[in-house]
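J.: Its first residue numbered 28, the first sequence is counted upward by one per residue in my numbering.
Each hint should be verified, as a subset may be incorrect.
[Said to hold, decoys possible] Label pairs and their computed distance ranges (CB to CB):
| hint | residue 1 | residue 2 | range |
| --- | --- | --- | --- |
| 1 | G220 | A151 | 28 to 36 Å |
| 2 | R127 | E319 | 51 to 59 Å |
| 3 | I320 | D201 | 27 to 35 Å |
| 4 | E319 | D120 | 48 to 56 Å |
| 5 | K422 | E319 | 36 to 44 Å |
| 6 | P142 | P109 | 38 to 46 Å |
| 7 | R61 | G492 | 49 to 57 Å |
[Stated by the list, open to error] Straight-line distance between alpha carbons at most 30 Å, and here's what the computed DSSO-like set of lysine-lysine pairs gives:
| hint | residue 1 | residue 2 |
| --- | --- | --- |
| 8 | K280 | K217 |
| 9 | K463 | K405 |
| 10 | K346 | K283 |
| 11 | K283 | K154 |
| 12 | K422 | K439 |
| 13 | K154 | K213 |
| 14 | K285 | K217 |
| 15 | K466 | K405 |
| 16 | K213 | K186 |
| 17 | K405 | K346 |
| 18 | K346 | K285 |
| 19 | K439 | K405 |
| 20 | K419 | K405 |
| 21 | K283 | K186 |
| 22 | K422 | K405 |
| 23 | K439 | K346 |
| 24 | K466 | K419 |
| 25 | K419 | K439 |
| 26 | K422 | K466 |
| 27 | K463 | K419 |
| 28 | K285 | K405 |
| 29 | K463 | K422 |
| 30 | K280 | K154 |
| 31 | K405 | K353 |
| 32 | K154 | K186 |
| 33 | K285 | K186 |
| 34 | K280 | K213 |
| 35 | K439 | K463 |
| 36 | K439 | K466 |
| 37 | K353 | K280 |
| 38 | K217 | K186 |
Rather than coming from a laboratory, the hints here were simulated on the basis of the structure.
A virtual CB, placed ideally from N, CA and C, is assigned to each residue, including glycine.
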Amino acid sequence: MPVVTRIAPSPTGDPHVGTAYIGLFNHALAAQARHRGEEGRFILRIEDTDRGRYVADSERRIFEMMEWLGLTPDESPLQGGPHGPYRQSERLDLYGDAARQLVASGHAYYAFETPEELAALREAAQKEGRVIQVPSRDLTPAQAQARVDAGEAAVIRLKVPREGQTVVHDLLRDPITFQNREIDDKVLLKADGYPTYHLANVVDDRRMGVTHVVRAEEWIPSTPIHVLLYRAFGWPEPVWAHMPLLRNADRSKISKRKNPTSVEWYLDQGFLPEAMLNFLATMGWTHPEGREIFDLAEFQRVFRLEDVTLGGPVFSLDKLRWMNGKYLREVLSEEEVAGRLHAYLAGQGHSLPLDDSFRAVVRMMIPRMDVFSEFLEKTPYFWSEEYPVTEKAQKLLEEGRPFLADLAARLKTLPAFDQTVIEAALRAFAEERGLKPGKVMQPLRAAVAGTSESPGLFEMLEALGQERVVARLERAAR
RNA sequence: GGCCCCAUCGUCUAACGGUUAGGACACUACCCUUUCAAGGUAGCGAUACGGGUUCGAAUCCCGUUGGGGUCACCA
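Full structure from sequences and hints, please.
T.: What follows is the structure in structure tokens.
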């Protein structure tokens, strides 16, 4: 069975984590079909029929987000494809024709009510606890056509049956039943000639051959409209599957105010796309063998839509961070981490050489960071002599005051400066003074790092190098 | 408020009529240890409630409660 899926974001702002989330599943479904040797396509279509909310670079940023995550679509406005154009604003003729076709077949009608009239109608309907009824529905086709011909502003509305019910066969929640009398006559074509979401969505999905509509739960209430539309056109319905909504900690729909929702933020913070994807995959779904860490290929291998759970998953930044750290420590090699971190830092405007010294610091920091943005924050003393000194480090420095100068002198004379030599020297120094090793090491750490929290002292000293270590010690001893 | 969806530890979830209700994050303790981490071990911690069905219910049915979504010429 061919599987054609899509995401259809509107270009109204930052590339949203929810788009990535839904994109992951749609992308996987298409990939699975291809692996089976069947047709599988994943489309990115831009729903830009609301000119009021259009944001110019949003489309490009959505595409870049998908690429970053490795969810590159097979067809999109940027790549093109055989079913384009992929921007609804470039497909306007289609919708007008489709809407008029429905008027001709009696499934839709021209409506002339003004916004003010509609507001009044809506208020009245609300009072009576029923859905709005549009007077234009009762116009004869000839009457309506005459007013349109006269140039009167009109929208086209779907003529929803007054009786009966419409059942949505959602793959995850089948069946969902709606009473037709509770569905209002939705606008299909706006007065400006632009389609509404409902029309454009159905027409495009049909023309692009979409077989599976996998989208967020918030669309459930409009799905009966879409079903009615498919029927009015005489088209077969796609498979419907409504995924749960990502949630804030208070369980409301994930939002900007309560969570970082822009994927660009995660990129800026230095999250890995692999970890992001892995984490998103565990929202509403679990690996059948209980694995926590798995890659996209593995996800595609074992994912089944039917296994999706429906409780709205709370998006936990804590767990995402843990998972990202896990990738740093257990999935990627040290060399890969160094390379990626270097590229990340370059992207942030820090040009550090990708050399052995950088690699040594990275190696020490891998177990000490979860995301790349922590790297420089935690290692200022590796890159400059102007590193901050914490209060606690200051205290340790005082404790070391009696021997810091001597220690500097001792380290200065060391013939080699590797971990083994350093450790032996320090232990010997402590013993001579009748101090426990820690009593020497802590002040030393404070002197060279300005903090009591650092990687292992010996490896850190080696990475810093004899010259810097001695100089810092001498400075601290003064 | 109408309509619709949902309901297992604080969070993500496992269980698909029979388990001491399992794992992960977070939290706590201990171990390791030169600090901080990482890692290891242990602990804390859940079937919302009430009725059914059944020999047996977290699992099936109904109700209640709770949470969420949606009610535009936005998507």
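J.: All hints are to be evaluated individually against the structure, with a verdict given for each.
T.: Status of the hints after comparison with the structure:
1. In this structure the hint that G220 and A151 lie 28 to 36 Å apart at CB holds, the actual value being about 29 Å.
2. Between R127 and E319 the beta carbons are some 54 Å apart, a value that agrees with the proposed interval 51 to 59 Å.
3. Hint check: I320 to D201, Cβ distance near 33 Å, so the stated range 27 to 35 Å holds.
4. E319 and D120 have their C-beta atoms about 50 Å apart, which keeps the hinted 48 to 56 Å range intact.
5. A hinted range of 36 to 44 Å for the beta carbons of K422 and E319 is consistent with their spacing of about 41 Å.
6. As the Cβ distance of P142 to P109 is approximately 40 Å, the hint placing it in 38 to 46 Å holds.
7. Between R61 and G492 the beta carbons are some 53 Å apart, a value that agrees with the proposed interval 49 to 57 Å.
8. For a cut-off of 30 Å, the pair hint linking K280 to K217 stands: about 28 Å separates their Cα positions.
9. With a C-alpha separation of about 27 Å, the suggested pairing of K463 with K405 holds against the 30 Å cut-off.
10. For the hint linking K346 to K283, the alpha-carbon distance of about 19 Å falls within 30 Å, and the restraint holds.
11. Pair hint K283 plus K154 does not hold up; C-alpha atoms about 34 Å apart against a cutoff of 30 Å.
12. Distance hint between K422 and K439 is fulfilled; the C-alpha atoms sit about 24 Å from each other, no more than 30 Å.
13. As the CA atoms of K154 and K213 are separated by approximately 20 Å, the hinted pair is consistent with the 30 Å bound.
14. A C-alpha spacing of about 34 Å is found between K285 and K217, which places the hinted pair above 30 Å, so the restraint is violated.
15. A distance of roughly 23 Å separates the Cα atoms of K466 and K405; the hinted pair therefore holds under the 30 Å criterion.
16. For the hint pairing K213 with K186, the CA-to-CA distance comes to about 8 Å; that is within 30 Å, so the pair holds.
17. Restraint check for K405 and K346: satisfied, since their Cα atoms lie roughly 21 Å apart, inside the 30 Å limit.
18. For the hint linking K346 to K285, the alpha-carbon distance of about 16 Å falls within 30 Å, and the restraint holds.
19. Restraint check: the Cα-Cα separation between K439 and K405 comes to about 27 Å, which is no more than 30 Å; the hinted pair holds.
20. With a CA separation close to 16 Å, the supplied pair K419 and K405 stays within the 30 Å bound.
21. Using a Cα cut-off of 30 Å, the hinted pair K283 and K186 is violated, with the two alpha carbons roughly 37 Å apart.
22. For the hint linking K422 to K405, the alpha-carbon distance of about 20 Å falls within 30 Å, and the restraint holds.
23. The hinted pair formed by K439 and K346 fails the criterion: a straight-line CA distance of about 45 Å is larger than 30 Å.
24. Simply put, K466 and K419 have alpha-carbon atoms about 14 Å apart, close enough for the 30 Å limit, and the pair holds.
25. The straight-line distance between the Cα atoms of K419 and K439 is roughly 26 Å, inside the 30 Å bound, and the hint therefore holds.
26. Restraint check: the Cα-Cα separation between K422 and K466 comes to about 12 Å, which is no more than 30 Å; the hinted pair holds.
27. For the hint linking K463 to K419, the alpha-carbon distance of about 19 Å falls within 30 Å, and the restraint holds.
28. Of the pairs offered as hints, the one joining K285 and K405 holds, with about 27 Å between alpha carbons and a cut-off of 30 Å not exceeded.
29. In summary, the hint linking K463 to K422 is supported, as the alpha carbons are separated by about 18 Å, within the 30 Å threshold.
30. Distance hint between K280 and K154 is fulfilled; the C-alpha atoms sit about 29 Å from each other, no more than 30 Å.
31. Distance hint between K405 and K353 is fulfilled; the C-alpha atoms sit about 18 Å from each other, no more than 30 Å.
32. Of the supplied pair hints, the one linking K154 and K186 holds, its CA atoms being roughly 23 Å apart against a limit of 30 Å.
33. For a cut-off of 30 Å, the pair hint linking K285 to K186 is broken: about 40 Å separates their Cα positions.
34. Annotation: proposed proximity of K280 to K213 holds, straight-line Cα distance about 25 Å (limit 30 Å).
35. For a cut-off of 30 Å, the pair hint linking K439 to K463 stands: about 22 Å separates their Cα positions.
36. Proximity of K439 to K466 is assessed by CA-CA distance (about 20 Å); at most 30 Å being required, the pair is judged to hold.
37. The suggested pairing of K353 with K280 holds, with an alpha-carbon distance near 28 Å, which does not exceed 30 Å.
38. For the given pair, K217 sits about 15 Å from K186 by alpha-carbon distance, which is consistent with the 30 Å threshold.
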